[in-house]
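With these hints in hand, go ahead and build the complete structure from the sequences.
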Amino acid sequence: MTIQKTAAILLLAAAWAATAGADEWDLGSDNDDAVTTDNVLFHGAEQAHDTGHTVGSGGDQDWFLLASHQYSSYQLVVDGLTGGLDFVPASVQRLVNSGTTVQQSAVALEGGGVLSLVWVGPVAFLTPTPTWVRVQGAACGIACSATDTYRVRFYETTYTVPRFNNSGTQSTVLMLQNTTDRACAATVFFLDGSGTLVGQHLVNGGVLPGHRLAVVPTATVVPNLSGSARIAHTCGYGGLSGKAVSVEPATGFTFDTALQHRPN
Amino acid sequence: VTGDCKGALALLLAAGLAAAASARADQWDLGGDPDNAFTTDNVLAHGAEQVHDLAALPGPVPDQDWYLAPAQPFSSYQFVVDGLTGRLDLPAAGLQRLSESGSAVLQSAEVLELGGVLSLAWLGPATPAPAVDRVRVQGAACGTSCVGSDRYRVRFFDTTYTIARFNNSTSQSTVLLVQNATDRTCALTAYFVGPTGALLGSASVASLAAYQLVVLATAATVPNLSGSVTIAHTCGYGGLSGKAVSVEPATGFTFDTAMVSRPGGGTMANRAGAPLNHPSGLAGRSAPAEAR
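Going down the list, the sequences are from chains A and B.
FYI, my numbering numbers position 16 of the first sequence as 395, with every residue one higher than the one before it.
FYI, my numbering numbers position 27 of the second sequence as 38, with every residue one higher than the one before it.
Be aware that a few hints might be false.
One-sided and incomplete, this derived list gives chain A residues near chain B with beta-carbon spacing under 8 angstroms [claimed, not checked]: (1) W404; (2) D417; (3) N418; (4) R542.
Since the hints were derived computationally from the structure, they do not count as laboratory data.
Every residue, glycine too, gets a C-beta built ideally from N, C-alpha and C.
The structure is reproduced here in structure tokens:
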């Protein structure tokens with residue numbers, strides 16, 4: 380064996396070992412470089428990706444497929460960026476219509492090092508609807524390698540309130556606080572005992588300023604009805620705090636029901 | 012090239028290839044006691060998260076990954092597979108729960124989230140003896156051509172809820188309000204436990220429709236008794252929302268008791284610095300098994 384042949388084999392082995400360090404969703408022909416990605420995230424998912432897989436003359440793109448459910452809300456967070464990425468809000472975008480239409484770009488948080496997408500799922504459809512998130516536009520471009528990495532996390536952010544009751548002499552007031560310092564929006568979906576939507580309310584006219592507390596007398600939205608509620612919002616995972624208070628003057632009974640988030 | 016030089020180059024080559032190969036292996040597949048059968052030693056506790064591959068085994072034969080999932084009485088569980096790479100295309104039968112011997116399939120997964128997530132949700136035994144179910148992942152579309160980068164993630168949860176107090180003694184009575192927080196039909200069983208931990212009674216809802224709210228008057232099941240409640244269900248981790256309300260007309264007192272899920276483990280990357288994507292990045296970082 381000549382030195383040249385041996386060196387070539389060693390280089391191949393080194394390249395193979397280097398590829399082993401790449402993010403696995405970039406490998407093979409059915410990768411995450413396009414809308415055809417198979418990488419679906421479930422609530423609480425956390426993944427580390429790199430931007431080292433260049434496509435043609437462009438930099439790497441990582442696509443994620445997410446299911447949006449009725450009366451629900453979501454957040455996708457990108458953080459833990461290594462130095463060569465320098466993502467901007469347009470680097471993390473949510474797309475619809477089979478990935479052809481950009482629905483929103485991320486909001487840069489925490490001094491720019493965290494990118495967040497928040498959105499509310501559909502109201503009309505019981506079956507989940509697809510939405511895609513695309514990460515692209517690293518500053519290092521085609522010079523990015525497998526060490527240019529970021530972390531992505533995905534949450535369902537919906538809150539549930541297992542009881543409201545405006546029947547008889549009882550009435551329920553909902554108190555919702557925006558626990559963040561950013562304005563966001565929240566919609567309360569009221570469901571009867573069978574799970575059917577009986578009313579909905581856009582809190583504070585659609586804008587809940589930072590740290591603001593909103594008080595919603597539910598009897599004005601769903602009078603003489605009882606059931607449960609779901610709160611879809613754009614305040615992010617853990618971005619709301621609140622409770623429902625039911626009072627029954629005839630008996631003097633009062634009932635507190637805490638908002639419950641999905642555990643992770 | 013001298014003979015010494017050739018030998019050194021050969022050693023370098025072998026070391027490089029070995030390093031590359033091991034970098035691609037899922038560590039539960041290595042050694043003489045791997046996870047390729049029901050004899051696996053890989054036990055999952057609540058909050059566990061692991062990364063596995065389905066790289067073909069010598070032969071070649073398609074890889075199988077087996078897990079031990081303990082099932083305690085009066086409890087419920089969920090096993091979730093997501094983050095699949097492109098060549099796996101796991102079908103519902105790609106994730107199954109089996110009997111302790113591994114010979115009988117007890118259930119196949121439910122396909123969620125547009126097909127990219129597989130979920131098993133089940134109830135533990137109603138008898139005091141715990142079971143140790145087996146969970147098997149197999150059937151990747153890439154079959155014997157799968158390599159170490161054909162990976163998926165698994166997470167395992169104890170999905171049981173607890174309610175610290177019900178009271179139907181004297182003039183007090185307790186009502187449970189439980190909402191299905193998902194858009195899928197599921198089932199639940201509420202176990203009523205006395206102060207000593209003895210089972211006093213149970214009530215089941217065989218079919219809880221999407222978003223349905225069920226109101227259970229506990230006095231009908233456990234009259235003149237008090238204690239706590241454990242709720243086992245198939246709605247998945249965080250799939251229910253609810254509370255107990257106790258009223259005492261004689262005094263005008265009311266008591267709300269939250270329905271509490273088992274706390275989650277939080278994010279894996281916050282617990283240690285190992286890279287998430289390498290199989291070893293999550294190895295052994297399962298949440299500790301805590302006494303319930």
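Hints, one by one, checked against the model:
no., hint, verdict
1, W404, "holds, 6 angstroms"
2, D417, "holds, 5 angstroms"
3, N418, "holds, 6 angstroms"
4, R542, "holds, 5 angstroms"
Every hint, counting from the list given before, is met by this structure.
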